[in-house]
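Colleague: Sequence:
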Amino acid sequence: MTTQFYERLSNDLTQLLENPIDYNVTIEVGEEPDNQIYKAHSYILQSRSSYFYKKLNEISFNENHIKVLKMPDISIKILDIIIKFVYGGIISLEKLENSVVFDLLITSNELNLNELVELLQTHFVDNNNSWIGQNFSRVYLTSYQTKNFRIIQEFCSDIIAKYPDTIFKSESFPTLPENVLISIVQQDNSQLEEIKIWKYIIQWGKAQNPTLPTNLDEWTSDNFLTLKTTLKQCLPHIRYFSISSEDVFEMIFPYQQILEPKLWSDINSKLLAPNKPISSTILPPRKILNKTLKVPNSLSSNIITEENALRISSWIDKRELRYIRYTKNNPYEFKLLVRGSRDGFNVKTIYEICDKIPNLLIVLKVKDTGEILGGYIPCSLDKNNDEWIYSQDSFAFSLKTKNSILSRVKNFDYAILNYPQQSKLFFGNTLCFVGNLKTDKSCCLQSKVSYDKPVRSEKFIDSNLSDKSGFNIEEYEVFTVSKKINL
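Using full-length UniProt numbering, read the sequence shown as starting at 1 and increasing by one per residue.
No wet-lab data here; the hints were simulated from the structure.
Each hint should be verified, as a subset may be incorrect.
[To be verified] Here are the simulated lysine-lysine pairs, DSS-like style, with alpha carbons at most 30 Å apart:
#1 K424 - K348
#2 K410 - K335
#3 K276 - K228
[Stated by the list, open to error] Each pair of labels, with its calculated beta carbon distance range:
#4 D413 - D34: 25 to 31 Å
#5 Y144 - K54: 32 to 38 Å
#6 D188 - I37: 51 to 57 Å
#7 N11 - I37: 19 to 25 Å
#8 Q186 - Q257: 23 to 29 Å
#9 F412 - P33: 52 to 58 Å
Note that CB positions come from ideal geometry on N, CA and C, so glycine has one too.
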């Protein structure tokens, strides 16, 4: 029989870091006078990291039998996280900004902490794809130059191939380094029309030369030469002979001066006489899987997006890392049952249409503020009974661009108030619907007794509804949520 006490071991080693008995290494981090000194143990450091193994073997003990390791280029915050991971094998990313986590990833790689490098990459891909898109230039360039960032490399390559518009339309696109842009344009399976790739390359070239006239009619030969020089390494990767005659005339003809004369001549020859031989290299057409390929958007909602649906699906499955749009399809199907503007805004409508149907998702848009609130009911509503419904898995929420709020039920016996006769439907006392949701100003937030946190930044009341606490909604929708088949 083998018994393992990893948690106890982790706690004991963490305590050893906090109370460094018999330490024989000091790590100096940051620049003086704001530097910080960590007291550590060479055997632990060297057994956990080949970087520390090599470095500490290169350093001699001083007169106090201490090895002094100076790391001025690493921030105190980053090393504090890393040293605790080295000792205790524990790391928490919840309260860290994405930029800090990415710096942590880079430093972990430099210190040869391979298991942490893999964990952090998975964290980004599974939980922070939006941040990767917003910072694509930095992320892709870093992964492009780092052998160990295989997970992020594959993720970025998949995005570039399947959803190139995500990159080309991002705010960071004009700042992409030339070698990164070339690596994108070179891809044979980029799911984008060739003429669009041409337009984006022209856009990038202009961004590198902000003094070029805005109006193309005002361009001189020197202006075209400037753009040609900037795009010298990119232009050979365009599949010119896959572009239609109309697009050549409208989009390429105005910039013909940036092309080599022979290439421009061959483009025209091929359009006029397709079977006539030419001397220019003809690159094969890109492997377009579907000419109308778009990011999947099967959700029939006027309130929530596919990204919102993925987040809600993660909450349903109680995933610590949420499902993401690009690498994993939503495992759930959201089927619209009720829409206020179509079916009516009285709460009784929900009971009539959704009677005996389990796994209901209610989402609503608050009038005037645009807030999106809602809740998930895994059990079935009953239009013929007034009762509290028991549930361990219901939750309420507020969807925001950043820092969405999830409030899980904690008092299972009072999870859902099912009161059709009084036109009431409550998520505990956290989110309450009464009467006509559009006109009665009857939606409200009361106490958070049954659920673990409030879902709206507003003063709560503990008694009856009032005009002060109630609010109207602009629209609401109810979906039934079910697992997809044959994923």
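Colleague: Next step is simple, just say for each hint if it's right about the structure.
Modeller: Against the structure, the hints come out as follows:
{"no.": "1", "hint": "K424 - K348", "in the structure": "holds, 8 Å"}
{"no.": "2", "hint": "K410 - K335", "in the structure": "holds, 28 Å"}
{"no.": "3", "hint": "K276 - K228", "in the structure": "holds, 28 Å"}
{"no.": "4", "hint": "D413 - D34: 25 to 31 Å", "in the structure": "violated, 54 Å"}
{"no.": "5", "hint": "Y144 - K54: 32 to 38 Å", "in the structure": "violated, 26 Å"}
{"no.": "6", "hint": "D188 - I37: 51 to 57 Å", "in the structure": "holds, 53 Å"}
{"no.": "7", "hint": "N11 - I37: 19 to 25 Å", "in the structure": "holds, 24 Å"}
{"no.": "8", "hint": "Q186 - Q257: 23 to 29 Å", "in the structure": "holds, 24 Å"}
{"no.": "9", "hint": "F412 - P33: 52 to 58 Å", "in the structure": "holds, 55 Å"}
Checked against the numbered hints given earlier, the structure breaks hints 4 and 5 and satisfies all the rest.
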